[in-house]
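Asker: Take a look at the letters that make up each chain.
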Amino acid sequence: MSENNTRDQNENAGIPAPEGRSNLIDTDYVIGQDNVAGSALGLNVDLHGKVFTISALTVLLFVIATLALQNSVAPLFESLRVWLTSNLSWFFLAGANVFALLAVGLIFTPLGKVRLGGQEATPDFSNSGWFAMLFAAGMGIGLMYFGVSEPLSHFGSSMGGVAGDGGVRTDWAPLGAAANNPDAAMSLSMAATIFHWGLHPWAIYAVVALALALFSFNKGLPLTMRSVFYPILGERVWGWPGHVIDILAVFATLFGLATSLGLGAQQATSGLSHLFGVANNEVTMVVLIMGITIVALASVMLGVDKGVQRLSQLNMVLAGLLLGFVLLVGPTLLIVTGFFDNLVSYVTHLPALSNPFGREDANFSQGWTAFYWAWWISWSPFVGMFIARVSRGRTVREFLIAVLIIPTLISVLWMTALGGTALDQVVNQGLEGVAAASGDLQLFEMLGNLPLATITSLVAVVLVIVFFVTSSDSGSLVIDAITAGGKVDAPKPQRMFWAIIEGAIAIALLLGGGLVALQAMAVSVGFPFTVVLLVASMPL
Amino acid sequence: MFKKILVPVDLAHVDALANALAAADDLAKHYGAEVCYLGVTPTTPTSVAATPAEYEKKLGEFADKQAHKHQQSVSAHAVASPDPVADLDDIVLKAIHEVNADLLVMATHLPRHLDAVIPAHGGKIATHTDISVFLVRQTQE
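These protein sequence lines map, in sequence, to chains A and B.
Here the first sequence stands for residues 437 to 976, numbered as in the working numbering.
Here the second sequence stands for residues 23 to 163, numbered as in the working numbering.
Extracted from the complex, chain B is given alone in its bound form:
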């Protein structure tokens, strides 16, 4: 049913992605799909990488590690943005087309009041794309 699963990842907070990563891997195995990890970095230096090029390399390494761990085909798609917090939704929507994904698996937080003012990325993206979207919450403590 699915051929390519797009999974946005935040390399600075990989631990918060555990559920989404696991769900994507299981789905990929089940459908024989490829997992494409999408990473978005500011153009300025960050805790992850000093330059977008270094970020791209690290995202590649991350994808390789996932591939090794789960024995499946993966790819990586890195995007640099001058203002990633504001542009994330657009970047994900664009990436869906660019990598030709047919499923988006994305980590998201629990609903909260502030979402009325600043909508959560996952929910907003789901209303703007025609592919299937799977929003994965973190396990509640």
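With the rest of the complex left out, here is chain A:
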């Protein structure tokens, strides 16, 4: 070393000193070694040749085929979905139980002390920013749509009681229903709703995210789905088996996002037409999706810190305001006591609701639960990768509490406030309009029965839209990282490409009516992924 070298270690303040032991995996693979990098048409690119090309082409082909052959493709996917969720519902239910037990169990194991990124790593984001991001990416929009409509739906079917035809139940009520018993039906419907939005979905996300974070930050493998399979596939994970896993992850993310984007555009349009009489048609929806895509584009350009994090925080503030408003103006006492009642009801019904075998409520356990589980699983590569990326510097225990316990409690509060208020309107105030409205309008009907309806409905529409932006931008970042072989610093035009593609797919399918087919497709991707994830969670 040269004598006049005055390199000063103390100046390296940007990174805290030694990271501690992090058990790096010794592999010959160099991140980005299979990437195509260079400049084309004035654009710099750095992408995984096979994963990017196959994903992009297949997605385009799929959209064209779905639109062109819609009448024959849609029933095909729909029957595939029905077949999967009815014949393999036990598998989805059992799989989700494994994830839930695993995630809860890990909180108490010595692994809980491990810090993502090594013992000396410090968190990249503040607690509020971190939590806002994982919540906004993980659920967001669904809470807006189903917060009112799902409790109402279960309540209606539970009140209807058990109906049968030749020994097969034809009703959609959860468990043994609660015929003509409003209190029991309310309790059961809230338990069933919370079951679908509580521990299980977050456990699925947590397991995927934790595996990714550990393999990336503590083992030094690229931040992409295939890395999780290193213990099972070894070096083969960098070849075709790994390509297939990554491509599947891209599909699940793109299709899941595009479907949600389409469904969300429908809800936002319904809200706008309910509020301002805006035409509830395809033109409005297309304009909305384009608007959402443009904001998402700006957000991915600004990056995780200044784009996604800020929007997610805005989201939390808006959602908090709406929740606080409903809490204060709605049946406050009922909501406060309901929070604890529903939590108890959820815990007491949990064993029966999560039982994978010998279920008599086939319509409910297959049509609702198995469908949700497949849906969450198809979202898990996306949400898992995004949560992993922003969670460096947290201990496993901190991570699990923030990804598992807090969101579950918030879901209970949210469902209790929104769903409970709607149920109160129907049961105690005899306002049938809420129950009679279509799913995408029930939220606005509920708010319409409270004061300041125009303002709160507007906030709700804005929330739906911003939740979409936060899903769309984080999704683009995830797909960009996967298709760049795990590089999170690929040139910006690539992330812009995926943000635009998402909007384009949503528009194409909305116009072509392929959203249902796509939803079925997304759920179908959930099946292979459940197998994949169960295998992947073994090393944990």
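Hints in this document: simulated from the structure, not taken from any laboratory.
All values derive from a computational prediction rather than experimental measurement.
Cβ coordinates follow ideal geometry from the N, Cα and C atoms, glycine included.
Watch out, some of these pointers could steer you wrong.
[Stated by the list, open to error] Label pairs and their computed distance ranges (CB to CB):
hint : chain 1 : residue 1 : chain 2 : residue 2 : range
1    : A       : 494       : B       : 37        : 31 to 37 Å
2    : B       : 90        : A       : 672       : 51 to 57 Å
3    : A       : 617       : B       : 112       : 58 to 64 Å
4    : B       : 93        : A       : 541       : 56 to 62 Å
5    : A       : 515       : B       : 149       : 57 to 63 Å
6    : A       : 677       : B       : 115       : 39 to 45 Å
7    : B       : 32        : A       : 494       : 31 to 37 Å
8    : A       : 742       : B       : 37        : 56 to 62 Å
9    : A       : 764       : B       : 32        : 49 to 55 Å
10   : B       : 90        : A       : 549       : 48 to 54 Å
[What the hints assert, rightly or not] Derived, one-sided and incomplete: chain B residues facing chain A with beta-carbon distance under 8 Å:
hint : residue
11   : 55
12   : 64
13   : 69
Since chain A is already given, all that's left is putting chain B on it; use the hints.
Answerer: Relative to chain A, chain B alone:
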């Protein structure tokens, strides 16, 4: 005139930095200034390093090598970011203050149409700092 020259480097593409590195070295010799190499890494593993700590070590080694080659005083400043592509401009601006640099020597690409949408880092940084900025283009082939 200059005491500390900040030079952002990309350890994955050192060959593309040749002109900027040479210009910084010559200026440092001329003014008797110190060269501070700024490296920005994602928090996730990269082709350069599996962890930010390893990256920091490699940047230090790179700085040592430069010091040895050019017989002058150098320092290294490593920063880890969850999204370096988006945060680079801010990181460089912050680093200018942190290391107290009075000249920035930075490699940049030729102007192109896309710059209207995604501005080049060098140009953007120049408009946001009060120290002198020297943008060095790669030699055209």
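Asker: Now, for every hint given, state plainly whether the structure supports it.
Answerer: So, going through the hints one by one against the coordinates:
no.	hint	in the structure
1	A:494 with B:37: 31 to 37 Å	holds (35 Å)
2	B:90 with A:672: 51 to 57 Å	violated (41 Å)
3	A:617 with B:112: 58 to 64 Å	holds (60 Å)
4	B:93 with A:541: 56 to 62 Å	holds (59 Å)
5	A:515 with B:149: 57 to 63 Å	holds (59 Å)
6	A:677 with B:115: 39 to 45 Å	holds (44 Å)
7	B:32 with A:494: 31 to 37 Å	holds (33 Å)
8	A:742 with B:37: 56 to 62 Å	violated (31 Å)
9	A:764 with B:32: 49 to 55 Å	holds (53 Å)
10	B:90 with A:549: 48 to 54 Å	violated (42 Å)
11	55	violated (12 Å)
12	64	holds (5 Å)
13	69	holds (5 Å)
In this structure, the earlier hints numbered 2, 8, 10 and 11 are contradicted, and the remaining ones agree with it.
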